[in-house]
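Chemist: Now for the letters of each chain:
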Amino acid sequence: MAKEHNKNSERPVAEKGEHIIARHLIDDDAIKEEKNLVIDGVDVSGRWNTFIETRVDSEFDRSFFDEIQKTVVGSRINRCWQCGMCTASCTVTPLYRRFNPRAFIYMMQLGNLKLLKKYTDVAWRCVGCYKCSQRCPKQVNPAEMMEALALLIKKYFPEEIKSKHQLTIDEEVKVIYEGMILGHGRLDLANLHTSAMRKMGKTTELMSDKDERGAIFKMMKDGRALSVLRLGKPHKWHKSKDAIDNYLRHTGTLEQENN
Amino acid sequence: MAENILVIGGGPAGLHAAIELAELGVNVSLVERDTFFGGNPKKFKYKYLFPDLQPAENVIGELIKGAESNNNIKKYLSANIESFKEDGKKFSAVIKSSTGSETKTFDSVIVATGFEHFDPAKDSKYSYQLFDDVIDIKDLERMMGEGNFTRPSNGKPPKNVAIILCVGSRDRHVGNQYCSRVCCTVSVKQAIELKEHFPETEVYIFYMDIRTYGFYEDLYWKAMEEHDVQIVKGRVAEITSGPDNTVICKGEDTLLRGPFEIPFDMVVLASGMEGGPQSPEMADKLGIELDEHGFLKQANVTLSPFKSNKDGIFLAGACTGPKAIADAIVEGGAAAMDAYIYAKKNS
Chain A
1 MAKEHNKNSE RPVAEKGEHI IARHLIDDDA IKEEKNLVID GVDVSGRWNT
51 FIETRVDSEF DRSFFDEIQK TVVGSRINRC WQCGMCTASC TVTPLYRRFN
101 PRAFIYMMQL GNLKLLKKYT DVAWRCVGCY KCSQRCPKQV NPAEMMEALA
151 LLIKKYFPEE IKSKHQLTID EEVKVIYEGM ILGHGRLDLA NLHTSAMRKM
201 GKTTELMSDK DERGAIFKMM KDGRALSVLR LGKPHKWHKS KDAIDNYLRH
251 TGTLEQENN
Chain B
1 MAENILVIGG GPAGLHAAIE LAELGVNVSL VERDTFFGGN PKKFKYKYLF
51 PDLQPAENVI GELIKGAESN NNIKKYLSAN IESFKEDGKK FSAVIKSSTG
101 SETKTFDSVI VATGFEHFDP AKDSKYSYQL FDDVIDIKDL ERMMGEGNFT
151 RPSNGKPPKN VAIILCVGSR DRHVGNQYCS RVCCTVSVKQ AIELKEHFPE
201 TEVYIFYMDI RTYGFYEDLY WKAMEEHDVQ IVKGRVAEIT SGPDNTVICK
251 GEDTLLRGPF EIPFDMVVLA SGMEGGPQSP EMADKLGIEL DEHGFLKQAN
301 VTLSPFKSNK DGIFLAGACT GPKAIADAIV EGGAAAMDAY IYAKKNS
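Same order as they appear, the protein sequences are chains A and B.
The first sequence runs 1 to 259 under the working numbering.
The second sequence runs 1 to 347 under the working numbering.
Treat the hints as calculated values from the structure; they're not laboratory data.
Cβ atoms here follow ideal geometry from the backbone N, Cα and C, with glycine treated the same way.
It cannot be assumed that every hint is accurate.
Covered stretches of chain A (in silico footprint by chain B; criterion: 3 or more residues with CB under 8 angstroms from a CB of chain B, positions within the stretch not fixed) [as the list claims (entries may be wrong)]: (1) 77 to 88; (2) 104 to 113; (3) 193 to 202.
For each label pair, taking beta carbons as the anchor points, the in silico distance ranges come out as [to be verified]: (4) A:Cys83 - B:Thr240: 30 to 36 angstroms; (5) B:Glu252 - A:Gly223: 55 to 61 angstroms; (6) B:Glu252 - A:Pro94: 35 to 41 angstroms; (7) B:Gly155 - A:Lys118: 27 to 33 angstroms; (8) A:Val122 - B:Gln177: 50 to 56 angstroms; (9) B:Asn300 - A:Asp61: 23 to 29 angstroms; (10) B:Asn148 - A:Val72: 37 to 43 angstroms; (11) B:Asn148 - A:Asp222: 26 to 32 angstroms; (12) B:Phe198 - A:Lys118: 30 to 36 angstroms; (13) A:Val122 - B:Lys222: 32 to 38 angstroms; (14) A:Gly223 - B:Glu217: 33 to 39 angstroms; (15) B:Glu116 - A:Ile31: 40 to 46 angstroms.
Same shape as in the complex, but just chain A:
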């Protein structure tokens, strides 16, 4: 028996969840891989718990909607009628098909956390070009809705974010964020995005042709990069830095740092 057991252990076992076509129907975390499992002399090694989850939604949870609506950035969630103008004008969607502001807003309206959880890896990828907000016929302000989404995802799925993205958001993003605000007087979301990627150790993805770098080239080529910079840009950025400086000095927050 023991020998047989050893022989089996050399049998290659597929990567977790590999070969599963309808992955969105399966809860990855529930899958159990057993390379050497013999029960009562029967070899039952393999992949377990791949039962398809129930696909039927059985409730609309409006508490999520209420929570978003109370935030400054998400106050207009009740306006969205799902026309898709935001996703159509989105800078990110053509690069990451799974980043769909229209669908995210809908999931938030109906409180579909089960589905939102599957998008924790892309939900925060808004680069803040505000094209969607400019084009939204209902003035929902989807760009800021994505901010509301990121905040709520962080609140509801902290483990998911930590384990899957190796980013201790609170500390590291705060440093990047403050550096930008204090250093340049403005928030550059594209910069925030790439810095966060770097902090997460996703440099390969950042530099690979097919992802970030490719995206940047593509955006330069078709002019989107330029329009991102132009859109909603106030005159005299440096004045905002002075204003922030003044404010912090006035409240005494910055003095400590200067000392």
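Place chain B on chain A using the hints.
Modeler: Coordinates of chain B only, in the frame set by chain A:
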């Protein structure tokens, strides 16, 4: 000598036509099958009318008062046209009412026999009449008119309400391919009224399209933006009983491509409009044409929408297709003009 014009139907269109003609000095005979004037709005006790939520009584009440106080209008209640025949350019009709039969000659005729609410019981998937908490828009309109917004099953405020659009409309399965035009606007109006009465109640509208055309769109925006009414895309295919005295709406969310089975305290079916049995009856009796949707056929939908295919017989209101009360009143006036011109030329 004054003209004689017959107006069949005492709803918004017929009342308005009769009043306009009477103002011109015409001898009008107004024939109504019910025991009262006012048509469906009166029959089903509509409370408030879109788009401005004014009391229905302001409109229907005024029309009824106008007709009742005008001596040029001879009123026949609980009446019907027993026989009808052409007499050269004129028409001869026998009007049968509770006071007996009367034969009269008319210079022209206006048909304003209106519509019937689609009966959701005809479409079993909605379980209407099976569950107390599944009602339709005319039921809710009557309930709200009586100041009652609670669940029919237990008289308690509903926690959540589903409004299902396109019931009996745009559905080959029930034989109605057309859009009933007003149900979307009535539904968002009712959603607003529900939310105003019970702010804590969650209201969901299941839609395929929301067709609040023209300025009616304002109500739709108001429902969402001021009352947090949530729209969910997908038609409900089945209503079954759920736990804790709820009814489950089963459907597909076509935006997220996922099936749902959601329990609701109350379901409101936005049932559409039909030509009713009176349309073929009128077509048969008067010798005019019926269209493929079961309404009376207009001679030319664009150029002469108030004429039937027979000279001297005119059409007004919802008997030619689904329409709002405001449109029916407009058509009453327009058909009155056509009927007056015809009578003037031939009398």
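Chemist: Decide, hint by hint, whether the structure agrees.
Modeler: Hint check results:
no.: 1; hint: 77 to 88; result: holds (count 4)
no.: 2; hint: 104 to 113; result: holds (count 5)
no.: 3; hint: 193 to 202; result: violated (count 0)
no.: 4; hint: A:Cys83 - B:Thr240: 30 to 36 angstroms; result: holds (32 angstroms)
no.: 5; hint: B:Glu252 - A:Gly223: 55 to 61 angstroms; result: violated (39 angstroms)
no.: 6; hint: B:Glu252 - A:Pro94: 35 to 41 angstroms; result: violated (27 angstroms)
no.: 7; hint: B:Gly155 - A:Lys118: 27 to 33 angstroms; result: violated (42 angstroms)
no.: 8; hint: A:Val122 - B:Gln177: 50 to 56 angstroms; result: violated (42 angstroms)
no.: 9; hint: B:Asn300 - A:Asp61: 23 to 29 angstroms; result: violated (53 angstroms)
no.: 10; hint: B:Asn148 - A:Val72: 37 to 43 angstroms; result: holds (39 angstroms)
no.: 11; hint: B:Asn148 - A:Asp222: 26 to 32 angstroms; result: violated (60 angstroms)
no.: 12; hint: B:Phe198 - A:Lys118: 30 to 36 angstroms; result: holds (34 angstroms)
no.: 13; hint: A:Val122 - B:Lys222: 32 to 38 angstroms; result: holds (34 angstroms)
no.: 14; hint: A:Gly223 - B:Glu217: 33 to 39 angstroms; result: holds (35 angstroms)
no.: 15; hint: B:Glu116 - A:Ile31: 40 to 46 angstroms; result: violated (57 angstroms)
Consistency note: the structure conflicts with the earlier hints numbered 3, 5, 6, 7, 8, 9, 11, 15.
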